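For reference, the chains in residue letters:
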Amino acid sequence: MRSLGLIAVTISAAVLCAHVAQAALFFPKPIIGFAQSAEARSYRELCPGVRVKSMSASASASELTPRLTDMEVRLVCGDPSADPIAAPWASVPPNQAAYFLIGFLQTRGYHHPSFIQDGDILFVDPGEMARLAHFRVTGGPATWEPPKRRLVEGQPLTPTLLDELEGWALGQIKNEGYACAEAKTRADPSTQEVEVEFQPGGARVIAATQDTGDSGLREGVLDRYNAFRIGDLYRDDLIALTRKRTQDDGFLQTYVMNPRCGEDPAAVTIVRDVVLGPSRTVRIGVGASTDAGARLRGLVRQSRIGDSASSAQARLNLSYLNNLIHRQIADLNFRWFYSLGEPRSYLEPSLTFDHTGEAAFENQSLEAKLLHGWNRELTDGQFEMRVGPTFLDSKLFRGAGPSDVSVTFVETGVRWASHRFEYFATSPRSGESLEASALLTLKKWGANFTAQKLQLQGEKLWEVFRYDPPLFILGLRFNFSSVFSPGEDLTADLPVRFLTFLGGDQDLRGFERGSLPRSGVGALSGATVSGEARLHKVIWRRADVFTFLDAGLLGGARFALRPPYLMSPGVGLRWESPIGVLRGFIAQRFALHESAGDLPYGRDVRLGFTFGEEF
Amino acid sequence: MTSSRKSITFRALRRIGVAVGSCIFILVILAAVFFLIPEISIGPERARSLIARFAPRTVQVEFRDLSLVLTRPSDALLSKHIKFTSDDLCVRYQGEAVVGCFDKINIGFTAGWGDDRHESAWPLPHLIDIDPMRIVGGEVRVDVPKFPHSAELSRKPGFDWMGFLRTEVLPRWRLKGSQIDVRSMIFVLDSTTSYRARLKAFTDEKAQALRVQLRDVHSSATPLAAQAALDVHWPTRAGESWKLDGETRINISHLRSLRINASSEIRSWQAADFRVLISARGIAALKEISLLGRLEESRLKGQLSFQVGALGTQLRALDVVGCDWLLRLKEKTGALSCGPETIRLRLVERAALRNPAFFTLQPQMKLEITNLNFGDDKAADIGMTVDLVHFDVLRAGAKITAHLRKARAGAWRYEISGGLSAEIDRFERLVRLMRETPFSIPAPLNVLKGGLHLGSEIGLSESGGAIGFSAATNLFDQTANQAVRVRLDGQTHLIRVDRQLRPSTEASLWIDELRLSAPRFDLRVPPRFSPDPRFGSFAEREREREKPRVPMDLKITVRTTDPHSIRITTNLTRAPIPIALRLVYDGKIDDEKTMRKPALTGWINVDATPIDLFKRNATIEHARLELLESGEERVSANVHVSYLDYDINMLLSGESQNPQIRFVSQPPLDDDQVVAVLLFGRPLNELGDEEKSSVRNLKAALANAALGVSSLYLLARTPIESIGYDADRSVVTAKLGLGGGASVEVGGGAEGSVVGFKKRLSRDFVFRSDVERLGSEGKRTVSALIEWLHRF
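Chains A and B are the protein sequences, given in the same order. The working numbering numbers the first residue of the first sequence as 2 and each following residue consecutively. The working numbering numbers the first residue of the second sequence as 0 and each following residue consecutively.
Keep in mind that the hints were calculated from the coordinates and are not lab data. A couple of the hints might just be wrong.
Cβ-Cβ distance ranges computed for the label pairs, FRET-style [unchecked claim]:
#1 A:Pro49 with B:Ala284: 32 to 42 angstroms
#2 A:Gln589 with B:His789: 41 to 51 angstroms
#3 A:Arg68 with B:Pro222: 53 to 63 angstroms
Stretch-level coverage of chain A by chain B, calculated; a stretch enters the list once three of its residues show a Cβ under 8 angstroms from a Cβ in chain B [as the list claims (entries may be wrong)]:
#4 72 to 82
#5 191 to 201
The model shown is predicted, which means the values in this text are computed figures rather than measured ones. Just so it is clear, CB atoms sit at the ideal spot from N, CA and C, and this is done for glycine as well.
Could you put the whole structure together from the sequences, leaning on the hints where they help?
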């Protein structure tokens with residue numbers, strides 16, 4: 002009956018048959034003359050027939066805790082409406098009101114109400130609110146232990162909380178391959194315990210995908226976004242990641258993926274249901290940070306072009322901090338997927354206009370690329386490779402370097418990002434990424450110099466202890482870049498794109514953005530290492546506290562890094578606010594092993610604030 | 000040879016005859032000497048010698064002094080008066096199993112021939128008279144564990160000591176002057192349990208009575224303490240009766256005690272009156288038992304009354320006054336009869352009631368036990384009729400007959416048959432009576448009047464049987480908008496399986512007419528009517544799971560007799576919802592540990608119902624829910640909405656948890672157009688951007704199964720300005736056209752996943768946090784923006 006969903010049939014039949022019958026069998030405790038007792042004075046009138054015990058002697062009916070909805074009040078106090086439908090419900094006897102109140106109070110965490118009846122008056126003492134004290138998960142696979150759930154202890158023990166905990170527990174075990182696990186939740190309000198008991202079934206691998214309905218997409222197009230491979234162990238987070246990829250990309254409007262548990266106990270089929278929605282997306286956004294200042298972003302994207310569902314987009318990014326630091330980027334690109342299967346291969350021509358003002362320079366560039374890329378999904382992450390020719394026309398308005406340079410080079414890069422890194426990208430907690438890239442020029446082959454810029458950067462995050470949400474997160478990131486050229490000092494010829502500037506939120510947080518090297522001449526080599534330790538949601542269960550240490554080195558020649566060591570330790574607060582992640586930090590800057598003859602870096606403090614940016 | 004043989008035979012016979020004759024002669028001489036010698040005295044030394052020679056080995060006797068004197072009464076030649084006196088006598092039986100030591104014993108009696116009162120005066124000698132007895136300063140200890148196994152009491156019939164005591168000793172005992180004082184009587188049952196008491200009996204000359212007192216009764220294992228006293232008044236002149244007055248107080252614990260008062264007047268061994276009054280405290284629900292009786296010849300008859308206190312949670316007291324009973328001792332048969340006005344039943348009052356007498360039931364009850372046989376073969380025929388008219392509200396009656404039989408070596412056999420009926424012909428009066436009590440009739444039934452009838456037929460025996468039951472209601476309200484007319488008919492069969500009776504119940508409920516109003520419902524905040532079964536004590540659940548269950552079968556069929564038998568009036572539809580159904584509940588407990596999951600199968604049909612949907616008059620053409628044996632619930636429904644230019648049907652089908660929703664229109668429109676017409680009454684091309692987006696969002700939510708039918712109904716019933724859909728959370732946000740910018744969230748889904756950070760501010764504005772690559776260098780950044788988003 003409960004799932005009938007047939008409009009009033011469910012409601013009416015359930016109300017009239019089951020609950021009325023049960024209400025008739027519920028008896029409040031009768032105490033004759035209780036209404037005249039001193040104790041009765043601590044009860045406040047909800048309506049003439051119902052009084053609720055109040056902690057505050059001055060509480061009015063509208064301030065009674067817990068508060069009831071209008072419909073609940075009608076069911077407890079009787080329906081005073083003149084509507085003929087309401088007439089049979091005008092008088093609700095105390096025993097029935099008490100029975101209804103048991104359910105109503107339970108939804109608010111009150112499990113031990115007591116009811117006293119004196120004549121036709123019902124006295125209700127909601128009792129103490131039960132709060133979760135112990136939570137445990139049982140019945141899972143023998144060798145598996147779920148992470149310890151944080152930040153639920155002390156919450157009111159309500160049916161909603163049970164739903165949430167059951168959903169969380171199911172999510173955990175479904176991330177271990179148990180796609181068709183079932184769970185049964187029970188709670189003991191007296192001991193304030195909650196137990197989720199699994200019936201996990203067996204671990205299953207993804208045997209196939211199955212599309213329902215006709216999306217109009219060519220077969221295999223949707224697979225481009227898969228974060229899993231056929232034959233992989235089922236994991237719920239990979240399904241969510243797949244869906245996220247399609248939607249972040251603006252590829253489609255709604256993508257429903259459900260595991261279907263067939264007769265094979267070791268296999269699961271992913272059933273996909275798509276609502277394509279319009280293929281064009283316009284996004285206009287604003288933001289801010291202390292590093293980049295105010296930000297404006299506009300984007301127009303056309304998805305699902307042609308049979309292969311290629312895409313094109315135009316993007317405009319503007320940021321302004323002050324007269325020196327500002328940036329305007331406009332780019333156009335078209336990603337043509339010429340192959341539907343693995344690896345996912347595409348050709349991507351793009352045109353980018355970039356006007357960048359930093360403390361050390363002001364540069365304007367126009368860049369045209371034709372990249373060929375392919376990516377492949379592996380069990381734990383995604384591997385991507387891009388390579389192609391790039392034409393760059395760069396003009397320098399301020400700072401050291403060539404004022405106008407045009408160069409053609411080969412740009413290439415490989416990147417590995419684990420699924421967990423991608424999954425938690427906007428709230429980092431675990432996973433790793435590694436990226437190696439190179440810009441390759443050859444004199445007389447579109448450039449008047451020979452130089453190869455090599456860059457290696459990566460990030461690794463660890464969850465220390467097994468908690469969910471995590472309690473303690475350690476992070477490490479590094480970046481190394483250097484320009485390699487056979488025996489020439491090319492600083493004066495290289496465009497800004499080939500040089501290294503440090504400082505700011507991205508690497509050395511104690512130093513101003515792009516303020517290193519102090520000479521304003523970009524370095525040929527640079528390296529940074531940052532470590533961060535973060536305690537998650539430890540302040541009022543909402544905010545994080547973190548500490549970090551950034552270190553960097555610069556070098557004026559290829560593969561040569563020289564002291565001083567640029568140091569930047571700091572502490573900060575992070576809050577996952579309803580509107581995004583806010584981070585504020587204070588960092589000190591200083592240098593070690595400074596040369597005696599150089600101007601000392603000294604010690605200073607920098608305050609930073611970011612919105613949305615993460616470690 | 001022959002003559003010599005004859006001579007030898009003759010000589011042998013002659014010698015045997017001489018020997019027998021000599022013996023008889025000697026015996027006669029000895030008897031003559033025994034009866035003629037006036038006194039024979041045996042002293043302690045001779046007694047020790049005789050005991051050592053003749054006493055069984057299991058008996059040991061020690062004494063300081065002992066004297067046995069046999070004297071011839073002056074008036075009787077063939078009798079002897081025997082007087083036994085002893086000081087410090089100890090008798091041991093079976094080692095230390097029974098030990099009796101007494102300071103002084105003085106017993107005397109006369110035996111022989113010559114008592115005219117004795118029916119069998121000849122040929123056996125018998126007791127003629129017993130002197131007042133004097134046993135002083137004794138201690139008796141019976142230690143059951145010390146009895147050797149071979150000494151266990153034999154169940155073979157032996158000498159009838161009780162009969163001898165009753166017929167030979169008591170009538171000839173001259174009580175006057177008797178004195179018995181046993182300081183300590185100890186009865187050891189086992190290593191932990193023993194009882195100790197003091198027995199004292201003496202004659203009270205003034206009261207002309209023998210007073211027997213059992214004092215200081217204590218148990219080593221329990222706080223039992225008891226005192227008993229019995230006064231035996233002997234007749235002071237001829238024709239007077241013996242009178243017995245006894246009182247016993249037993250404290251079983253400090254909360255449980257028993258007091259027994261008994262008196263009897265014994266005119267002869269075949270004629271006596273007696274009265275027993277037992278008052279109990281803390282012993283089950285028993286309060287008092289009163290038993291009056293008279294023995295005439297071998298007929299024992301009298302009256303039985305008793306009071307029982309609180310039994311269970313509902314019964315406060317049960318009084319039974321003056322049931323007649325009869326026992327025929329020789330035939331070992333009897334009868335019990337409780338006539339009208341003998342029974343009063345008081346129920347527990349639950350809070351103030353306008354008329355508290357409502358809780359006192361005085362049924363007219365007649366109980367008769369006839370053909371009672373309590374001999375080796377036991378039997379009883381019991382007949383009981385009960386009639387109850389209570390407050391002109393309840394009329395109830397019951398008639399039960401039972402035949403109980405038990406053969407000497409067999410088990411009890413019984414046959415019970417009867418019928419019960421109850422009728423409430425003024426339901427509204429019952430409602431009024433129950434008001435202000437915790438038994439109040441709940442809404443909306445408390446506006447009904449009319450009557451209802453309950454009945455039951457019983458036929459049981461030790462091998463099983465059947466209990467039939469039926470009920471019918473004819474309830475309605477003044478406006479005739481509410482009515483409950485249902486009939487219940489069923490039977491419970493009791494089938495013997497091994498040593499247990501397994502109940503198997505099959506019942507049918509016919510709903511002829513069920514018209515009721517549902518409470519005014521607010522779909523936006525549906526309340527939880529009943530407690531969530533997931534909450535409960537773990538320990539109690541564990542106990543419940545361990546509790547053995549009685550194997551049983553239960554099958555209940557509920558069906559309507561007409562397609563419109565059920566009509567539910569609700570604010571959600573424009574007219575009452577006509578419902579027909581046929582549901583079968585099949586529950587079975589196979590054994591004490593395993594219970595098959597009850598199956599509910601059948602169907603529920605909703606017939607054409609006009610409703611307001613999408614600001615139009617719509618009709619639920621039909622709706623049907625099928626509950627299949629596989630446990631699957633399938634739903635099918637057709638909702639018709641009519642427009643000037645279009646007829647749209649909304650079709651629901653599939654599993655009830657996740658039904659498929661399809662739209663069919665005439666003339667044909669695609670789904671976008673249908674949703675546009677339903678939501679805003681116009682085709683898609685006439686809608687503004689926001690309305691178009693709402694159409695798509697609703698369609699996406701339907702495709703994503705984010706909207707249940709009830710949520711869709713809520714949206715269809717309410718003027719909608721716009722609909723937003725958050726696929727991450729499977730939540731549909733509808734801005735209602737009720738003014739004030741009210742919005743409502745419907746649908747399910749987990750709380751925001753950490754995969755992406757997106758907070759929807761309005762239909763088009765979101766806070767978004769995502770990863771992007773910026774600039775020509777493609778530097779990866781994570782940023783948050785307040786973003787306007789539009790798809791087209």
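Item to complete: Go through the numbered hints given earlier and state which of them the structure violates, listing their numbers in rising order.
Response: Of the numbered hints, all hold.
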